[in-house]
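Participant: Each chain, written out:
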Amino acid sequence: MIKQAKIREIVALPDIVTSEGLLWPISRDPEFRVTRICKEDEGVSICGAMSYNGTRALLLIQQTGLMDSLNAIRAIGVDYHLPVIIMVGLQGKEPSVHPDQSAVYGVRIIRPVLDAMELSHSLIESPNDVGQIPNAIETAYDTSQPHIFLIGRAPVAL
Amino acid sequence: MKLKRDDALKALIPHVNDDDIVVAVYQTNFDWMALNPRPLNYVAVGAMGQASSHGLGLALANPKRRVFIFDGDGSILMNLGSLVTISGAGVSNLYHFVFANGVYEVNGNQPLPAADTIDFEGMARSAGYRGSRSFNTLDAFQENLSELLSMPGPQMAVMEIVPGQLYPRDYDYIHSAAARQSFRDALNAVLI
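Which chain is which? The protein sequence lines are A and B, in order. Quick note on the working numbering: the first sequence kicks off at 210 and runs consecutively. Quick note on the working numbering: the second sequence kicks off at 6 and runs consecutively.
Just so you know, nobody snuck in bad clues.
Not close to chain B: a few residues of chain A, all C-beta gaps over 12 Å, as computed:
no.	residue
1	M210
2	G301
3	M326
4	H330
5	E334
6	P364
Calculated lysine to any residue pairs in the SDA-like style (CA-CA distance at most 20 Å, straight line):
no.	chain 1	residue 1	chain 2	residue 2
7	B	K69	A	N262
8	B	K15	B	N41
9	A	K215	A	A345
10	B	K9	B	L171
11	B	K69	B	L153
12	B	K69	A	E218
13	B	K69	A	R242
14	A	K215	A	Q354
15	B	K69	A	T264
16	B	K15	B	R174
17	B	K69	A	R265
18	A	K215	B	N193
19	A	K215	B	P68
20	B	K69	A	G263
21	B	K69	A	R217
22	A	K215	A	E347
23	B	K69	B	R43
Simulated from the structure, these hints should not be mistaken for laboratory data. Glycine included, each C-beta is placed from N, C-alpha and C at the ideal position.
Work the whole structure out from these sequences, hints included.
Facilitator: Below, the structure written as structure tokens:
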């Protein structure tokens, strides 16, 4: 689905939810270039800057890093209207529990925080949700706005 | 001995080609915009400390262009990990200039922590930059610029500076949609 959305640049700081099923397979795929970062807000800037010539990029992080990057997302994604696409593993979320109902405070607050920031986001929890990824990415680039995918459980590499 | 910032910027002007990208921050940005207005000046990075990361994104996405980053010492302190990220990314078209004045100039000239002992040249070298050097005189800076820019990046140059002539702080422009569109248009006008 990421390839289908014409993304070949992956900017990543490892996240335990997506490490095995997403980042490792991407890292082994020669069609992708992976830029490994030291802090998540770097990735917001890298992806935003790449977008100026139409280069599509995906930032792959964990929700802790998302929280650490809110000011960068506010400035670069929202104020500057740049299409920063972020996939966020929800570390600690219970299987089959909606994030808003999670017993984990750091998970439960994520969607309300994104809503408060008026950020576009979608939950990827089951295989049925995956099909929406390319359209959401297209919309983000068409409208030059950020979009955040919340990954609710560990994806399985095929 | 220290360089005047505007003198350092004037020394850089003949070395910046039309198709190079320049990412600059704070007072260095305002001075550069006045001294060398050009379409490929990337004038706003949104959040303090992020210039090096914007520069890396631009360098990765535009491998045939050189990317100059005119950073501040307070700024790069907010994003020191980016030195390692830049090194790891292996970009050979990135030239990182740190204008070190030891203070948060636009925030009231408050001192940086450990301002007298920070070694940015050493940090860049330790992070894996291909080259790193420091300058505290204009003559030495001018004499070394051509050779520095002939080397593959990432390269760092740290200049110990004091303010020279100060140019207006036009925050409205740098954060404007017009500024971003102007850069985007220039970047895409001639793809190289």
